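Protein chains in written order, with the working numbering: chain A, 1 to 237; chain B, 1 to 341; chain C, 1 to 655.
Treat each hint with caution, since some may be false.
As the list claims (entries may be wrong) - Sample of chain C residues facing chain A (criterion: CB under 10 angstroms; computed from the structure):
1. M86
2. H89
3. V268
4. L295
It should be emphasised that the hints constitute simulated quantities derived from the structure, not laboratory data.
The structure displayed is predicted, hence computed values, not measured ones.
For each residue, glycine too, the CB sits at the ideal point set by N, CA and C.
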Amino acid sequence: MSFTTTTHDDHDHGHGHGPAVEGAENPGGHHEPAELRDHKERLALWMFIGGDALFLILMVFSWFYLRTLNSNGMWDAAQCTTANPCEDGLGNPIVAQITRADPWHAVIIAGLTILAAGFVWLAEIGAKKNTTKGAISGPAGIAFLFMVLAIAMQIYQFQVLPFTTIDGGYASTYEFFMGSTLAHLLILAFIGLGLWIRSSRGRHAGGTWYRVRLIRFFAVWVALSTVILTVVGSLFA
Amino acid sequence: MSFEEQVDDIEANTILGGEPFFSRAGGKIFIIWLVFTAIGVLIGVYAPHHLLPTLLSPQGSDVWKTIVVFTVLAAPVAAFVYAVSFYSLFAWRHKGNQDEPPPDAMPQRGNGPMTVVWLAISSLLVVVLLFWGITVWNTQQVTHADTLQVNVTGQQWVWTYSYPGTGVETRTLELPLNRPVEFNITSVDVTHGFWPAVLGVQVDANPNVTTIIRTTPNKLGNFTVRCSQLCGLYHAFMNNKAAVVTPQQFSTWLQSQGATQAVADQSAGVSSSASSPTTTLPGVTTATPTTVPGETATTLTPDATAPTTTAPATTAPAATVPDGTTTTTGPADSTTTTAPA
Amino acid sequence: MTTALAPPLLEDTKLGPNAGGLYERLNIWTGLGFGIFLGFVAWVVSHATLQGSNWGSDMVVTCTMLGWVIGFNIGIGTFNAPIRWMLGHDQTHEDELYVAGVGQGRHRYLKYCTDHKVVGTQYLVLVMVLFAVGGTLAMMIRTQLITAHSSFLDPQTYNAIVTVHGMVMIIATIVMVSGPFANFIMPIMIGAKDMAFPRLNAMSFWVIFSAVPCILATFFLGGVNAGWTTYAPLSVQAPPAMDAFAMCIIVFVVSVTVAGVNTIVTVVTMRAKGMTMGRLPIFTWGSIIGAGLGLYAMPAFLLAMTMMITDRVTGTSFFVAAYGGSGWLWENVFWIMGHPEVYVILIPPVAAVLEIASTFARKPVFGYKVAIAGFVAIASLAIMVWAHHMFTTGWAPNLAGPFMLTTELISIPTGIIFLCTIGTLWKGSIWTRLPMYFVYLFIWNFIIGGVTGIYLSDVPADQYFHGDMFVTAHFHYTLLGGAMIGATAAVCYWFPKMSGRMLNERIGKVAFWLIAIGIQVTYFGQFWEGFQGMPRRVAYYDPQFLSANQMSTIGAYTLMAGWLVFLYMMLHGWRNGKIAPANPWHSKTLEWKVPTPVPLENFLVDPVVTSDPYTYGEGVPDGQEVPDFAPSDDPELVPAGSAGSGAQTDAGGDH
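Just chain A, same shape as in the assembly (with noise of 0.2 angstroms):
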């Protein structure tokens, strides 16, 4: 029992302290202090988030290992000629070198979303000064209108590609980046059409700006690994 006295405890959230917010009970119906809740859903997203890293960091790995190895010469088709004509997914030749894909579209969409990030922050200044609901729903629409063009951005850049997914290592890896993006977009938005209907409702005014950290947290989160996988498309192609 040697750590009665050796051991500080730094999460004595004693009961009964900290204002009972709406909307944050247990199931049980019991009410938790705010900080508890917030510390709670903090130490969540920021685990959910380790493991998107994670995740992130394994996808470029794949794509600098795919390049290094250029497995029969098909990371980007550059040894294939006419007289010696690589094979693409599907069996037909690929005689040149696969365009790559205009770096703008992915600066662009990657500019959206750091915009979209930035309005999330800003609907957060607004929650945490508690002012009126206009200051979190405005830039929280705003937020989600960014959201939106970045998605329908990724979309399009998928049709304007010059190249499809069976066009060897670099198209693969390319196409799955924009996948990664398209489907962080899509989470993103859907908890961004949240905060901005939530807000307009006034669920956000008052005690639970926190709330909107969390959001911001996620949005600024998507908005990096947006830009990490845009440098690492574009640059390192």
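Position chains B and C relative to chain A; hints supplied.
The following block gives chains B and C in isolation, referenced to the frame of chain A:
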């Protein structure tokens, strides 16, 4: 023993945390441990020899030695765990009414010295194991100048061997005794595992990649090459006969597979004048070269031999084979076999 | 003692007619209905639009499985709360009470229920079903191998069975402890009223529930013929079953990630007053370390399986060498998941074994902090050893040395865990009830699994053993003989709390002996096969391996008999067992201090913790108690019956 006595006991002790080293419990456990260790060491020394097939190369012997050494090293540790757990069952078990819990035992929350000793011993063992492993691994990496090249191609569900420079392409593997051999392994479809078990080497056959393993057969004998990586429907049947034979027999075998005598002798490392097939090496007991039944001979095509009469057997393929040109095409269309450049 | 002023039980709360909203109408049957309906719709639509195109069958299977999973989760209610959140209609207090199971009786076990005890019980049943499926498949494998050229199974079916046996068992063993016990027991252990995120908890169960039919569907879609490791490019060429297999894993990853986050957040933020991290029961430590390692492993699994799906469905070439990919990429990403996952399976049951050993030796856990450090060391090393599965793949031979080093280093913390286990038994008052039987079996088996592991960590020896039955025997000794037997001990230990009834130990001992002998015979047979050089995953073999295989098969039948007896014991106990007292083992952890059956929110009064639960033999009152009369939010609360002894308890802490 009262509570106070037990506490005194803990404080008075260093190693086994409850008793002087050779007192009742400690002494008995020590004896049980000795017996278990002896059993473990005996098993380690004698069992692998009987369980393993006859190993035909130094790498194979390394496997056997490693098992013996590791078992002998692990035996005392495992024996200690078994000794204490068995002894605890017999000596410290609560007898009597099992419905109620026995009185509490001593409040021993750990034993620093014992933990340190345990940690030190296990760390030492790891260092020994690692030293052993790396040393053996490094000795296996030595390359020889005059190696016999064998190109191995895996496909569902057969291995194909070709001996560059001879034009010989077979589905059975024969290797000359005491000649360093280098297998260049690739696959035409999925991943296979090239596993000539008794040679003590193994590596996967990956499509579009050539992997290399080296060994030197040092005993005569027959064995089976198997696929060690699940490769689809007939994975279980992806094996073939193989043999280590004398150089003279190897030369004869190459000729029977379509190589000219000069090329065969050169590949086998025997001088043409002395290629008497009856010579056996001194000290070799199991000289049983087998010509493997006729199924394999049908796949051979003599037309492949023509351009290769003077090629030495040292053409190593590139590390990455883009489209499989350095290996022969698969046996399925063996009538169009092309010889390696 | 004054009489207790027991607050009313939450279960008795009367809810309004509209409590629960949509949840009132949703249960497992609507889930199955929606799932089958949406799966069917997805099949019809994708079949009509995509079947003719490239990779058409793969797209159809993927869409169908996705339809099933989404439909099931709509039907069970997974998406209710997120969508209500998005629309700003948060669930009311009454809704939350309804979803926690108030007023639903036994029906709550078939519904989206946020009570952690219901989720734990659901997990226990699911794990038993998965083990029954995996065990049946194992028996079919062993039956096929009873002769060298059996005609019991054709090779395609055999390969499909080998694959599904492997993956079903992996899924089952990953959740076998972190599902039932980390959900049911662990929150009570730390004095929490529920998990940190009860809705996510229910979600993690129903999501994994919806993953299981996907993997069983593989038998009807041609069968996955690539083994549970599904090495590319064989798996890229496999029948459409592989798409269902990959979808199963993707859904499973969602479940495990959510459950892992939930477990860790619960322990970090929900502990009772006075329950410091240093006073946590060791099982709690094992749970969070296992969960944390799972969070590391699962993204890699998700990436591997997503890439597999895109390779098969959209024609990317991550794993096809001819088009620019590499099988080694699959192997790397898979084993970056695969080796940590082994310890995700292993650490929680090992921690449970320490917990049980302490209770039944009536002694504190030997080296509590050392054991935690050991678990942490195992977890940290586990992420650096993946390439030892790739020693013979030809990938990066230069890394053989470093990976040999990290792999063999793991034997040091594993040895420490052994020391802690036998140190706990040392001079204990060994109370040989049924859980203790399995603790001993765990020790005996796991040491064999550990020792045989060091042969495989050595590259020269691994070149002989890789891909042969020795490996199979080795990891069955660790995962079945070690982890699963540890989990079995945990079942025997916590069954009285979970079911409210005692197990019949006479039946249990029959099961124990059959299992104990069965394991040794089965896997010594496989060690023998491995020494002789028989490859894994073969449906037919050469006659020289016959004796060893017959030995293994006989052992496997014995093992199966043992598990059937064990299953009978559980079912018998669940229906007819003696009513269990609240604390049948006289243990000191908190879950035994609450009534059985455990009420909703577990504690009528908040527990107070003044020491860790290992005060055996120290002559002090339990430091983990649930006071039965004090008002719950009094900050100066002292444990019941120990008024005035608080100082003494603290002094004991300096021992």
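Each hint tested on the structure:
1. M86: Because about 4 angstroms separates M86 (chain C) from the closest Cβ in chain A, which is inside the 10 angstroms limit, the hint holds.
2. H89: holds (9 angstroms)
3. V268: holds (6 angstroms)
4. L295: holds (5 angstroms)
Hint compliance for this structure: every hint is met.
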